[in-house]
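Dock chains H, Z, Y, G and L against chain U, hints included.
Sequence order for the protein chains is U, H, Z, Y, G and L.
Mapping the first sequence onto this note's numbering, position 88 (from 1) lands on 90, and the numbers just tick up by one.
Mapping the second sequence onto this note's numbering, position 182 (from 1) lands on 184, and the numbers just tick up by one.
Mapping the third sequence onto this note's numbering, position 88 (from 1) lands on 90, and the numbers just tick up by one.
Mapping the fourth sequence onto this note's numbering, position 233 (from 1) lands on 235, and the numbers just tick up by one.
Mapping the fifth sequence onto this note's numbering, position 39 (from 1) lands on 41, and the numbers just tick up by one.
Mapping the sixth sequence onto this note's numbering, position 207 (from 1) lands on 209, and the numbers just tick up by one.
These are computed hints drawn from the structure, not numbers from a lab.
Intra- or inter-copy, both count: the list cannot distinguish identical chains.
In silico EDC-like links for lysine to aspartate or glutamate, alpha-carbon gap of 20 Å or less:
| hint | residue 1 | residue 2 |
| --- | --- | --- |
| 1 | LYS25 | GLU75 |
| 2 | LYS49 | GLU75 |
| 3 | LYS25 | ASP37 |
| 4 | LYS25 | ASP183 |
| 5 | LYS151 | GLU112 |
| 6 | LYS151 | GLU48 |
| 7 | LYS236 | ASP145 |
| 8 | LYS154 | GLU112 |
| 9 | LYS236 | GLU34 |
| 10 | LYS236 | ASP160 |
| 11 | LYS151 | GLU108 |
There are 6 protein chains.
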Amino acid sequence: MPRHHNRANHQIRPVRITRRYTKYADGAVLIECGDTKVVCTASVSEKVPPFLKGLGQGWLTAEYGMLPCSTGERMQREATKGKQSGRTMEIQRLIGRALRSIVNLEELGERTIQIDCDVIQADGGTRTASITGAFVALYDAVDSLLSQKIIKHNPIRDHVAAISVGIHQGLPLVDLDYTEDSSCDTDMNVVMTGNLGLVEVQGTAEGVAFSREELEIMLDLAQQGIQDLVAIQKAALAAG
Amino acid sequence: MPRHHNRANHQIRPVRITRRYTKYADGAVLIECGDTKVVCTASVSEKVPPFLKGLGQGWLTAEYGMLPCSTGERMQREATKGKQSGRTMEIQRLIGRALRSIVNLEELGERTIQIDCDVIQADGGTRTASITGAFVALYDAVDSLLSQKIIKHNPIRDHVAAISVGIHQGLPLVDLDYTEDSSCDTDMNVVMTGNLGLVEVQGTAEGVAFSREELEIMLDLAQQGIQDLVAIQKAALAAG
Amino acid sequence: MPRHHNRANHQIRPVRITRRYTKYADGAVLIECGDTKVVCTASVSEKVPPFLKGLGQGWLTAEYGMLPCSTGERMQREATKGKQSGRTMEIQRLIGRALRSIVNLEELGERTIQIDCDVIQADGGTRTASITGAFVALYDAVDSLLSQKIIKHNPIRDHVAAISVGIHQGLPLVDLDYTEDSSCDTDMNVVMTGNLGLVEVQGTAEGVAFSREELEIMLDLAQQGIQDLVAIQKAALAAG
Amino acid sequence: MPRHHNRANHQIRPVRITRRYTKYADGAVLIECGDTKVVCTASVSEKVPPFLKGLGQGWLTAEYGMLPCSTGERMQREATKGKQSGRTMEIQRLIGRALRSIVNLEELGERTIQIDCDVIQADGGTRTASITGAFVALYDAVDSLLSQKIIKHNPIRDHVAAISVGIHQGLPLVDLDYTEDSSCDTDMNVVMTGNLGLVEVQGTAEGVAFSREELEIMLDLAQQGIQDLVAIQKAALAAG
Amino acid sequence: MPRHHNRANHQIRPVRITRRYTKYADGAVLIECGDTKVVCTASVSEKVPPFLKGLGQGWLTAEYGMLPCSTGERMQREATKGKQSGRTMEIQRLIGRALRSIVNLEELGERTIQIDCDVIQADGGTRTASITGAFVALYDAVDSLLSQKIIKHNPIRDHVAAISVGIHQGLPLVDLDYTEDSSCDTDMNVVMTGNLGLVEVQGTAEGVAFSREELEIMLDLAQQGIQDLVAIQKAALAAG
Amino acid sequence: MPRHHNRANHQIRPVRITRRYTKYADGAVLIECGDTKVVCTASVSEKVPPFLKGLGQGWLTAEYGMLPCSTGERMQREATKGKQSGRTMEIQRLIGRALRSIVNLEELGERTIQIDCDVIQADGGTRTASITGAFVALYDAVDSLLSQKIIKHNPIRDHVAAISVGIHQGLPLVDLDYTEDSSCDTDMNVVMTGNLGLVEVQGTAEGVAFSREELEIMLDLAQQGIQDLVAIQKAALAAG
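The following block holds chain U by itself, in its conformation from the complex (with noise of 0.2 Å):
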């Protein structure tokens, strides 16, 4: 069965990056990954949580939700329900530590950005492309600090980019969209760096168990990919 457009098995989807998306964050970019639509924050504040008060560093911290009719069939909307769901705690909790593994909290001085990832449109991978896309927000975040002199150094390390893996009846895909994902074996999430370490790797068997070989072949894919990101948040961000 071939993937929906013809995409080969390692190859990604068409990706959009639109910077100031928005006209009041710090930075504001929408992600565009096939039909997966992500709007994607960053918002400077001047203080920090308790636990940093006083430390002279600063902090950096994730919110993640869907548009109740982001989905196929409408989901309840979080607010209604008065709490977010387990999903979506973990998805803001992995963009968080994501976004901050590349980013040198001591420079940034005590201050807080806050990254707010929603999907307008969701059709597979919306946490890899919360993390590309913050990642461009964050950047443009901290740009404008820099050239407002509030902070002298650029604390942006490295760019941090993420991709879903599969195994689905039996071939390794690449950026799964909703259909491969739903039907999938294996589950990989994977963030790396722009120099290609590792950040997270979250794989997870759906049906039968997975073996090292398919884990090899997954992160071989997922590097591809991740490399495929980088140059497109480099060309997003050389465009100015």
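Then chains H, Z, Y, G and L, alone, in the frame of chain U:
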């Protein structure tokens, strides 16, 4: 002081309505009124709330939310706080009432139309933009029910649209942006049908009380604005 | 069909205002409008919310609740449900805005007046009775501040009162009781000052839209009703 | 130090029971014990909680609340806080147990009596006043079921009433007001039937432990107080 | 019908107290009363609640929980439900009051002792076992404060322990297990000091009311049981 | 720096598995991995969640909690806070997925196995200990279903166990205790079946990114550790 973009006092902001903005909901509209941008969706489900079970009629209800970064200063995410604010509840109740006013719920049959209005960027008038945009999403959702022959007769009786008006430094203005709204003396939201029947009038004195004469002038302005909006709705629907 | 107790269409229900209804609050009023009974209290505290700290001005805020058995069919207790309904929030926001409209918050100094309106029995018009009664409680609380010389000048600029009006089977009626309210076509709540300035106009079409002419007639009725209510407030305050 | 109003140590405060205090509930009583005022209502509904479905017996449950301004210093509204305090839950559980102790739930049939006790003014002893007043509301609600022939036999087996007793500066006192209650060494709430059977005994040492002898003296005082209360309940019911 | 394990009616279940049960808390006790097993810990923190700030005295408070599988039928986890039940709150308030009754809070200085009682297995009497066990945990925590010379004088004035008693099929029994507890007519929890002063008496008629004579017999049984428990506490503390 | 107790880098901590630790749950295990102690229970109920009704298959789900005093500094009780933390939700989702991976849910029939993992003492590795211990509790619960002939075939397909690995100051270590875990550069949790199939791989760079080579070394260590754990599970089950 001239209005932003040299708008005349009786002139609404440029409105852009994008239908089929997302691919899953039965109706999905992006409405842009100046810099205010709201995603409005309509989703049909084949059930009704308990208080209507077995009565043979349908229901329409609405929810409203704002992306945390849609405003000048980032707002706390309601899903994280664990509850919707009073303002949010007030707005979503208003949107629901406004749209129910032009729907024949008996013709809809025992099904519910869920409206979701999610603000991507807020520059004043998000509740009125929500109503105006949600009408188009509702229309598309109903159209889909009709073309699938799930219902026989169109339950939509008329257009409905909404606009804000206010008295700002003694001058009556239509369609206030955020700067105007936050410094005006009187603020009024008006919902009207295509036939110019009044559905909701919500006027509030912010500073000093307002007079019957001022009320009349504001209603005149609102009526003109709503006529403009209904024309824009019609054009969007005609465009296919 | 004649109104209950042969009331004329422009005639408000008998109103009874009992001051010092409870012994602890700074102002404590029982207002009875026909069979609607609301306890309205005003409590002064020597602090302001965070957003006003250090600005030298005061604040006034309101909360509203209903005893579970105040209505025909027992309502669920909001403290048990764990949240206030949208209707409750909407009403308490309205009460707060209405009373703030006639208070000079600078004259009040850095203190907060908390209004509580608790409905003992609900026969229509609880939100308007709350505003009319809370004004008297507010007056008594402010009087106590003045007589204790905690403040020098009276921050109350004018009376404020509220009434409902509606179109019921084609007839405009003032001060709807529950039976009238639940079957009327248009329902409007009007808040006015003693000088007959408009503070809030909230009109809602329940069934069909209403016309500008109907709006005018309802506003005339409301104005007369509020004049009657202000006279009753004055008599109650004069009675000592 | 003499008691307020020169009350003797064994003397309860003046009690006033107003039946049919509100017009909607099946039983609706205002009980005033000195300055403590509680609205007690009993509402019948034709269903039982899930754990009793199909067992052919009824249920009785109680809820308790205080108006925010019922106390000397305003309390936060539990509906706003989003939860009932431990004290509130403890009290409503006590009220429910006390009233169930004198009701034959089989005779009630598959229906629930919901008791609501809402404190208008609190000057000590609100939980005991609630029980004493709720009995009369329950009686009226049951009477209505009997006169409508919804049930055949009276499920109420006996009166039930409650009183507080305490040791205050070495002296045993009955029916403590707020000032006495907040400074006493031992505080005990006693619930008894009309036949003087014990239903609940809840004694708490506030400062130092109490002796068996003190317990005996307090129980004697409580028994006398409850005899007085039952006589007042009977007089109120006889008054029609 | 003989009691389980041929226990005599006045005989408490075998009690085992394990000190230093976990390694982190300042005091950590496993108490086993028959098949009821509770982990009781005492943790010292160098702060007091807001209402005590600057008063130079300490505080002691308690929380209680049950593992979901501690009971015959699995209970819903309170952390998942999002709130503690009324029963839980009632019990933790009781534990706190019981322990505060024997602590001189002035001697403790401005610090808080937090008691946690977590039920591993519940076979009746979990609240009384919690109090008896928590006393030993409290003792160990205070001992640690004394040996570190953080406080100079022992704020513990006496032992405190608790036991349940009941009337079961006409027979007075001490220390009810779950089977006895769920079928008894009267259920009473008694808290006493080492000097046999009464701290709490909470008696409840489950079916029919109980008499003063029955109360006396139950208190005699409780007193004997508590003497036994205090001896066991002393032996555990002496064992080092 | 040598490891605590002179453990070799590839050596797991001493593990003790106590079956039938409590008397009520269908499976009840205390697992101790060094100083980490977790009670793991499995409870069978004869129903499935709504999304599985009528599909003829079963379900397995897990919840996780920590006693407030299980950690070095007392944690706030989640039942008191009113919600589970993101970390808790993430862990209980992981436990559920891990155990479902080795259960044939069709063979289980329309029933649910509820796993509860409650941490008594936490010294690192509580989530992996939970999985390893819960497997044994699950085994016992399923064994009971088989011996009662409620199900015919064993739905458990394989063992499952979990271990943490990390890079600590450049050295790969297996089964990190709390001190090691809180200062390591990379932290990875691995879940594998008895046949050494991978079920979950969750690796996180705490400080700097990690390389593919480091990942390989960690997976080798994890595999050896899991082989040891499965042997211990087998010995515990064989011991009867």
